[in-house]
Every structure is written in structure tokens, then in C-alpha cells.
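> If you want the building blocks of each chain, they are given just below.
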Amino acid sequence: MAFLEVHNLTKDFGGLRANNDISFSMARGELVSLIGPNGAGKTTLFNCISGLHPVTSGRVIFNGEEITKLNAHQVARRGLARTFQVYAAAGDLNVIENVMVGCFMKTHLRSRARARATEILKDLNIDHLADYLVSELPVAAQKLVTMATAIGSDPRLLMLDEVAAGLNPNEIEGILASIRHVHDDLGITVMLIEHVMELVMKISHRVIVLDYGEKIAEGDPETIAKDPGVIKAYLGERYVREHGGQQAVGSRE
Amino acid sequence: MEALRNALDFSDFPRLDLIVAGCVAIVFIVFPLFPHSSFAMATMIQFLMFSLYGMGWNTIGGYGGQVDLGKAQYVGIGAYTTAVMLIRWDIPFWVSMPIGMFFAVIWSFIIGYPLFRLKGHYFAIATIATSLVLKDIFEVWDFVGAARGLEISPIKYHPPDFLRLIFREDVYYFYVILGFFFLGILYMNWFRKSRLGFQLRSIKDNEDVARSLGINVHWAKVKTYAIATAFVSMVGSFHACYIKSIEPEDTMSLDISILIALMAMLGGAGSLWGPVIGAGILIPIKSYLKEWLGAQAGLVGIDLIIYALIIMAISAFEPRGVWGIVEKIRRRRRD
Ligand SMILES: Nc1ncnc2c1ncn2[C@@H]1O[C@H](COP(=O)(O)OP(=O)(O)OP(=O)(O)O)[C@@H](O)[C@H]1O
Ligand SMILES: [Mg+2]
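Chains as they are written, first to last, in our numbering: chain A, 1 to 253; chain B, 1 to 335.
Computed list of lysine to any residue pairs in SDA-like fashion (alpha-carbon distance at most 20 Å, straight line):
# : chain 1 : residue 1 : chain 2 : residue 2
1 : A       : 69        : B       : 219
2 : A       : 106       : B       : 6
3 : A       : 106       : B       : 217
4 : B       : 223       : A       : 71
5 : A       : 69        : B       : 207
Hints in this document: simulated from the structure, not taken from any laboratory.
I would like the entire structure built from these sequences, with the hints used as guidance.
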């Protein structure tokens, strides 16, 4: 039995079909990347799976239970956590307090939430930032904080929306190590949306490609990187001419 | 018990804050022992009452970011419950106060449940509306004295009556409300560190993120609104015994609602000391204006002008009020 199953998921925004009949599944322990050009519908797919948007049609099954109609907080309580592509905590919570919000999903006790949050910050090597406001931090650290917060809720499946966007190569190495740690050491199944190909190629067991709301390919990183349809859709003709097909850093947010 | 420990633990504040807070507390405690005018005493009691109203407001309005402009309806529920029960059935304050809180919480569920489906400004406006509706009901409801209101006449009792909270000297009222005030501070100190407190701050920051962390956003707001309400109703009950004459136009006016919200915002919404600082600034101004300027014809509306100026100043300079300025300075020092 698959861990996460998505069956024929379709999502319309008015006349715009952001996801069209998408099906895929994931096994426990896998690390899957979701890629595709801007506006392909990746974030929308995350929103539908995590219960933030109602789906137009289709089904989502997580850990053997249908979660299609559940609210976002109910989905989260079943062990599915996610981060947000554009989100800088602007409020008055500092780093450790942010992470504690995640931890409070599993405990009522502040002392326990605090201890767990401290542990996670240490794990991700950002414990020295505990008392800063999130808005005071550089982007790379902010991304780690959103990851840490999601981890705080002790998820079984973690969905990361572009955690490496806007980072320099050094920082990408850092986040790569963090994702590996989450997956390998904490045993959390991971799905990530990523434009940074270098990271996708290095880390993924499997890659799913969206274009204009449709799934156009699925397979292991090497196969995907050579798939002419993907190269054309995702990387564009110019890239193919200049680089001949392997890794690249995708543009933008 | 962890909750009690959290309520008593102020160690995350800088030492300076604790020294100031301690000194202020001592001044409050000894204040009646020194010569003072009855005007000063009345202002002091008003200040403590409005601090408590502000603390209640601060749970949902400050930590939760849901601007509530209808707190007067809960002042009314508390005040009327206590007054009606005392006058009609001679039920003491300490019994009627929790019953008033209970009614207030029920009413808060009835209106909070649908209202929290609304977003932003609509919520604020809806709270004004429900408060006015409740006031109108009280104005025509004979059982609670309709527009004439209710009068608690002290001659029927034998002050000092600690059960019914009927006193001849204000100093008794002062110490009762001071006790509530200290308990209120402890409760808020627990609240801000509680799971619900964290959830609200997360909701205020970003509701989608809060949802995806397993927080039932709607329910968290409804619950917190009930807490805010209980606070306000409790002080409303006290108000009935202290003022002894309540009528809808006075007790449940929009002015009261706005003053409560404004005070908390001026002092610092979403901070422990904010409502106290706000009440400390605004209540003396209000009392002074009422006492001195209000007597001169033509200056009656001046308090409204001052409130408007304060709103403008907060939104232009520092949305997080006086306490926001303090924290900003501290942050700058640290870096
Ligand atoms: N809430 C919404 N309402 C209306 N249209 C939306 C909404 N969210 C997304 N869309 C539209 O759906 C399409 C897919 O958007 P989505 O954000 O899922 O793309 P994406 O693959 O995540 O792109 P990016 O790489 O830029 O993040 C876009 O055309 C977008 O404008
Ligand atoms: Mg996106």
C-alpha cells in the first residue's frame, strides 16, 4: 500500500485549470521532487493535498485514509506537514517560539514544546538564532526556520515548497544536508518542490514533472534529465542548446 | 503544576522591567495609606478596571489580532447579572459574578461562532453591531429596568458587606479590584505562554501557516473570545457593585468598547504590560477631561478628538504601541 496516493486530482480556479487529472503515489521513506516551470501548478497541488484548497475532483489518500475532504488542520494532525513558498514570519514570534508553535501540536506543555524546539534547532544548526525575530534573518536561515517549524509537528510526510529558492551555492549545500538529515536520520518521508536542479538531481529518488497543470513525466532523476519532453517544457530550447541537458539552476522564486 | 509555574514565572523579562513592575505594585498597595483626594481614588479604581478590560481585550485582539470593538456588551452582561440577582434575590456578588461570566461566555459562543467566519474589518464592525443590538434589548427589557436601568441602594445593606460587595468607602473597592488586577496579570502571564497563546500568535501572523501546523483556527478564536469575554464580564459585575447605578446608555455604550480597544492598542497590543500602560495613560486623561473640561460648555467632545489623534499616531508611528517602541529600542541596543 502506498503512503500517499493522489488519484485524478483536478483543481480549477474559475476558468483556469491549475491541476489537471494528476495521479501519482509515494512510498513510505521515499524522497520525491516535484518540478515544472513557473505557474505549472506545483504549489496548487501542495495546497490541494494539504487541505488548504478544496479539490475540484479527485482523491487524496494518506496512510490508508482518505483525506480529500479534510480541513488543513485535520490533515496536519494526521502527520502531513508542509512549508510555504512565500512566507516570512512577520509577527512577533522569535525563532524558537515559531518552532514551538509546531511542537505544540503534539504537547500541551510549554516546557516540552520548548525542549523539543531547542533540540530541532540544534539539529538544523540554527540554535544560535533562537532569540531573533524571523524577519531579522537572512533568507537561508528563514527557510531553515520554516522547515524546523514543520518538523516540530512531528510529521510523517514533509512537503517542502522551494526551500532552496534564492540561496547561494553554499547555502544550498547547507539546506541539502538538512533535508538529508530529516529524511535519513529522522525517518521522515519528503516531497519537495524545487527549481534548483542541482539539488533535485542530487537528492531525489524520483522526480515528477508538471507543465501547464498536467503531469508530463515521472521517473528517476537521470531519466528525467534526459527526457526531451521535460527538457523542452521545463528548461526551454535555449538551455538545451547551451548545456546539452544536465544540471542547471532554475531561475527565480 | 506547570501552569502555575508559568503564571508565576516572569524571568523572560529584563530585570529593569521587573524592578519597575515591583515598584508600581508596591505603590498601588500602599496608595490608600497616604492622603489622597476621592477623585484620585476613583481614577485609580477606574484605571484598574480598565486595565482588566484591556487584558481581556488583549487575548483575542492583541495576541490573536482580531480587533474587537464590542466589549461593552460583556460589561453589560456582567453588570446586569450581578445587579439583577442582588436586587431581586439578594444573591451575593461572589455567586452572581461567575454566573454572569457563564452567561457572557454563552453569548460569546452564540455571536463568536458565526462572526469568526468573517475576516478583518468585517469582524470589528460586526462586534459593534451585536453590542448595540444587546444594548437596545436591555433598553426595552422591563425585567432589567429598561432604559431607566437599575439602582443598588446601599441603605438596604450593612456596609462593609464583603459578600455583596457593598461598601461605603472606596478603599474597599480599591483593594478588591487590585486583587483582581494581580490575578489578571498572573493569568495573562500564563496565557501568553500557553499553547493557546502560541496558537493565536501564529494565527495573527499567517492563518494558512497556522492551519498547516494543525491549529483549528476558527475554534482557537472562538475559545479565546470566550476567555476575553469572561474577563470583561467579571469586571462588569464589579462595576455594578461599585457604581451602584447601571443603565444601558452608560454601561454598554460604544464609547466604552472603543476606549477598551484603544487603550490596549496604545499601550501595546499583544504584550503583557500593554493594556496596563494604555490604561495608565488614558484613564487619567479621561477622568481629568470629564472633571474639568467637560464642565465648560463646548469642550464636551474633546475626548473624542484626543482618541482620534491617538489612533492616528499609533497607526502612523508604531502599530505595536508604547511597548512596541520600548522593544524596538531594546532590539537596537542589542545589535
Ligand atoms: N488562489 C488562486 N486563485 C487563482 N489562481 C491561482 C491561485 N493559486 C494559483 N493560481 C494559478 O494557478 C496556476 C498555478 O499556480 P501555482 O502557484 O500552483 O504554480 P507553481 O507551479 O507553484 O509556480 P511557481 O514555480 O511560480 O511557484 C497559476 O496560473 C496561478 O496563477
Ligand atoms: Mg509555487
